[in-house]
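Listed below, chain by chain, are the residues.
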Amino acid sequence: MTIRFVRHQDLRLTELDEEGIALHLEQRKYYSLSGTGLTILRALKTPRTEEELVQDLMARYDVTVDEAGRSVRTFLEECQDAGLVVPAPGLAVD
Amino acid sequence: MADWQVVSAHPDLRIRILEALERGRLVPPAPLTISVVVGPLPPAPDARSPFVQPAFEVRTGPPDHSVVITGTTVPARATIAPGCRQADVELAAADDSSIEDFVALFLPVVVTFLLRPEGWHHVHAAGLRDPTGRGWVLAGNAHAGKSTTTALLATRGWAVCTDDLAFLHRGSDGRVRLAGWRGDIALRNGGRDLLQRTDGTPLPRRGKTGWTPEALGGEWVAEITPDVVAFPTVGDGPTRVCPISSLDALKALIRWSALVTTDPRLAENHLALLTALARQAQSCTVQLGNDLFEPTFRLEDCLP
Chain A
-13 MTIRFVRHQD LRLTELDEEG IALHLEQRKY YSLSGTGLTI LRALKTPRTE EELVQDLMAR
47 YDVTVDEAGR SVRTFLEECQ DAGLVVPAPG LAVD
Chain B
79 MADWQVVSAH PDLRIRILEA LERGRLVPPA PLTISVVVGP LPPAPDARSP FVQPAFEVRT
139 GPPDHSVVIT GTTVPARATI APGCRQADVE LAAADDSSIE DFVALFLPVV VTFLLRPEGW
199 HHVHAAGLRD PTGRGWVLAG NAHAGKSTTT ALLATRGWAV CTDDLAFLHR GSDGRVRLAG
259 WRGDIALRNG GRDLLQRTDG TPLPRRGKTG WTPEALGGEW VAEITPDVVA FPTVGDGPTR
319 VCPISSLDAL KALIRWSALV TTDPRLAENH LALLTALARQ AQSCTVQLGN DLFEPTFRLE
379 DCLP
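The listed protein sequences derive, respectively, from chains A and B.
Using my numbering, the letters of the first sequence correspond one by one to residues -13 to 80.
Using my numbering, the letters of the second sequence correspond one by one to residues 79 to 382.
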């Protein structure tokens, strides 16, 4: 079973100079984002699987599937730990 | 541009609020109404988590998306229904002292939350225009030196918009503007001594002394277009101006615009405005030194 992820409903994003800020309204904290992180969190406005996020990164950056996979996995782990991303309820796919 | 309406069955209270709004000289972008009733403040259970500030706490967001501001130093409560350009204020008492506290401490908070749905967002900053016409935003906390610097610059030909209560909004040309609530530039004794002033208006409730920009030889302007965003701190050495990136400026602006995290429906607009300001203006930190007070020192010449 593959999990879909979605960004927390209280997250607001903004972009500046190809980097980003994620503002968590509930935590009242902001997080700095690289361009890659911003791309992933923007994509997670709607539920997406890890594999779909890898494709998103490969479409935007000149990276291999392994590099994109590592970036997505690491970033998702960090975001879940920080409460920026959550598993999308009821949307696991086989 | 529109105006303020005040509704109250207490004529004295209504007049005092109108006078305060007139002194503030902040012209709202749409007609906004403040309705005040006087009487006991019954508990109003609200399960929403409060955003707590020194003088008030505010609850926003779902389920009903109303804004409820409760005074912690003034016995008052204000409710702004979603989509409504009116604040319904309950004030526990309308004696002279209560009205004075309400007008000085709670009314600016109500104004702040009435303006927010209109796209006018608060930032804890001073706004000035230097003699070359550039707009400056000095953002920082209560001990960053904003007011002392503002007072000093007023004596040197800078125009002052506000030393504390500022609102960012988009002008018709898309650029970010800063409008100010006109009030006395208020200094503690230390700031007054640095400025070598013995005059001013005592502000006993705030433990400060106040001056209008005009009393310091300057002028007041209703609005500036920011070209420079500076984050001052009080330092030991000479005054130093260090450029910072737009992204670092944005992070600092978020810090000094704490209401950005309130009301999920308005947060995106507020954040976009701060981002636009960080993009629009040259940003720097300013370590304020005593040389700032030397007669020949010109802050406007310190920018790289």
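What the hints contain is simulated information worked out from the structure, not anything from laboratory work.
Just to be clear, a hint being listed does not mean it is correct.
[Claimed, not checked] Not the full set, but computed from the structure, chain B residues with beta-carbon under 8 angstroms of chain A:
1) 108
2) 338
3) 345
4) 353
All residues carry an ideal CB built from backbone N, CA and C; glycine is no exception.
Against the structure, the hints come out as follows:
no. : hint : verdict
1   : 108  : violated (24 angstroms)
2   : 338  : holds (7 angstroms)
3   : 345  : holds (5 angstroms)
4   : 353  : holds (5 angstroms)
Checked against the numbered hints given earlier, the structure breaks only hint 1 and satisfies all the rest.
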